[in-house]
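The listed protein sequences correspond, in order, to chains A and B. So the first sequence is numbered by the working numbering: it starts at 56 and just counts up by one. So the second sequence is numbered by the working numbering: it starts at 56 and just counts up by one.
To be clear, the hints were calculated from the coordinates, so they are not data collected in a lab. Some clues are possibly wrong.
One copy or any two copies: either way a pair holds, since identical chains are not told apart in the list.
As the list claims (entries may be wrong) - Pairs of lysine-lysine residues, derived as BS3-like cross-links and limited to a Cα-Cα distance of at most 25 Å, are as follows:
#: 1; residue 1: K177; residue 2: K247
#: 2; residue 1: K177; residue 2: K111
#: 3; residue 1: K173; residue 2: K247
#: 4; residue 1: K88; residue 2: K226
#: 5; residue 1: K140; residue 2: K88
There are 2 protein chains.
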Amino acid sequence: MSDTSPITIAFDAMGGDYGPQSTIPGAHMVHKKNPNIRFMIFGDQNKIYPLLSRYKSLEAVSKVIHTDKMIYSDDRPSAALRASKGTSMRMAIEAVQNGEARAVVSSGNTGALMAMAKMILKPLPGIHRPAIASVFPGTKGDTIMLDLGANVLVDAENLVQFAVLGAVFAKAHKNIANPSVGLLNVGSEDTKGPDHVRGAAEILSKVDFPGHYHGFVEGNDIMESVVDVIVTDGYAGNIALKTAEGVGRVTTGFSRMR
Amino acid sequence: MSDTSPITIAFDAMGGDYGPQSTIPGAHMVHKKNPNIRFMIFGDQNKIYPLLSRYKSLEAVSKVIHTDKMIYSDDRPSAALRASKGTSMRMAIEAVQNGEARAVVSSGNTGALMAMAKMILKPLPGIHRPAIASVFPGTKGDTIMLDLGANVLVDAENLVQFAVLGAVFAKAHKNIANPSVGLLNVGSEDTKGPDHVRGAAEILSKVDFPGHYHGFVEGNDIMESVVDVIVTDGYAGNIALKTAEGVGRVTTGFSRMR
Chain A
56 MSDTSPITIA FDAMGGDYGP QSTIPGAHMV HKKNPNIRFM IFGDQNKIYP
106 LLSRYKSLEA VSKVIHTDKM IYSDDRPSAA LRASKGTSMR MAIEAVQNGE
156 ARAVVSSGNT GALMAMAKMI LKPLPGIHRP AIASVFPGTK GDTIMLDLGA
206 NVLVDAENLV QFAVLGAVFA KAHKNIANPS VGLLNVGSED TKGPDHVRGA
256 AEILSKVDFP GHYHGFVEGN DIMESVVDVI VTDGYAGNIA LKTAEGVGRV
306 TTGFSRMR
Chain B
56 MSDTSPITIA FDAMGGDYGP QSTIPGAHMV HKKNPNIRFM IFGDQNKIYP
106 LLSRYKSLEA VSKVIHTDKM IYSDDRPSAA LRASKGTSMR MAIEAVQNGE
156 ARAVVSSGNT GALMAMAKMI LKPLPGIHRP AIASVFPGTK GDTIMLDLGA
206 NVLVDAENLV QFAVLGAVFA KAHKNIANPS VGLLNVGSED TKGPDHVRGA
256 AEILSKVDFP GHYHGFVEGN DIMESVVDVI VTDGYAGNIA LKTAEGVGRV
306 TTGFSRMR
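Extracted from the complex, chain A is given alone in its bound form (with noise of 0.2 Å):
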């Protein structure tokens, strides 16, 4: 975050629930914390500029590239893929694959976007899926957790690997040297959990990764700040994710994790 060399971000302001009414105000609060982000945004310019032209600094930081065609939220992944040409989401990772951006924000169908961005970008050598990874706010600091939903069946290597990921993504978040690394599990002891999760804990143990491994940690350990990440398959930390939001919004308006 303290380096200031322009970085540009390729933007779908057509994605989720309200499309650009909210994803351009989200915009400028991102503008607003960082300004060296140079944003490029895909969708309709009609809902796009009447927005935009509110917040002067971001229009300013800003270059929209129209299109009418979108992914709808309840496409299916497949289905969507095969139509995606020339809609916001698909041209904005492109703008990521052609080098114009260093990373695509939407917050549009996640199957198409998952599946769209394995396509287009594919994952890093030696990573074998994507996953999505939430931070989750803590007593004592930030959590990452990963994955919330996008592979719900997953062997102990899978889950290596999003170890991987969550370490780096943790690094640069947190801006610490060694995270701590958990595996979501049903109890402490070794002899818990799937055989996915006991694979998992057994490989991370042994070898080398941009994290160090602390063992297993449980549902209740997410919001207490145990462990810098928490590795899961996308089952159970969908299921975790969308219980902490019920529970939250019923308790007290827990606004922050939506």
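Given the coordinates of chain A, work out where chain B should sit on it, guided by the hints.
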């Protein structure tokens, strides 16, 4: 709850982190709400009597069966099972086996309790595995969720059996004729989720059971009283339970769930 004929409960006083200090006041709370319950209290009489004597009306409906043997919370279930003879937990379970009590209550070592109960009392015909259930207080009424950790790996058939158990529990607990049963999953679409969850959905949508099948529910539905019963495996269920506890504890003192 409207039935006032006496019911005898076998009560393991030695379980939990604090033993009789917590379990005897707990029994008193049950007694005040349910004066028709008779207690068979198993455990160390030297620890039980001084506490029990503070609650004269509980004492009047209780019989203490002394033993100074107990199962510890860090005993392995298999080892606990072998050395269980004469422990307060086992004696309480045997009171149900020999017909002296209608149910057994213990807050001791969960794995040992499940293993011992399965071996001594055996599941009902057609039910292959016991499950851990709990009642989640929701915005518009209680939701019963199971399994919360007894069975990490289950198949579709196990989940269907848990649906039957949960529906019967809901009928009694909520005093309703036709409880709604949802399967915890990572999305509401038919194509989502792991095989055992989709397989259970297929069976539950076809068979007659003591409730009706609602469809998939997600983590955020747990506290929203969307269904009367939520069925899941012990892996996702335990993670959801502990996540809910953790978020509840962090956001407000959500002590009802402990």
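- request: Please write out, lowest number first, the hints stated earlier that are contradicted by the structure.
  value: 2 and 5
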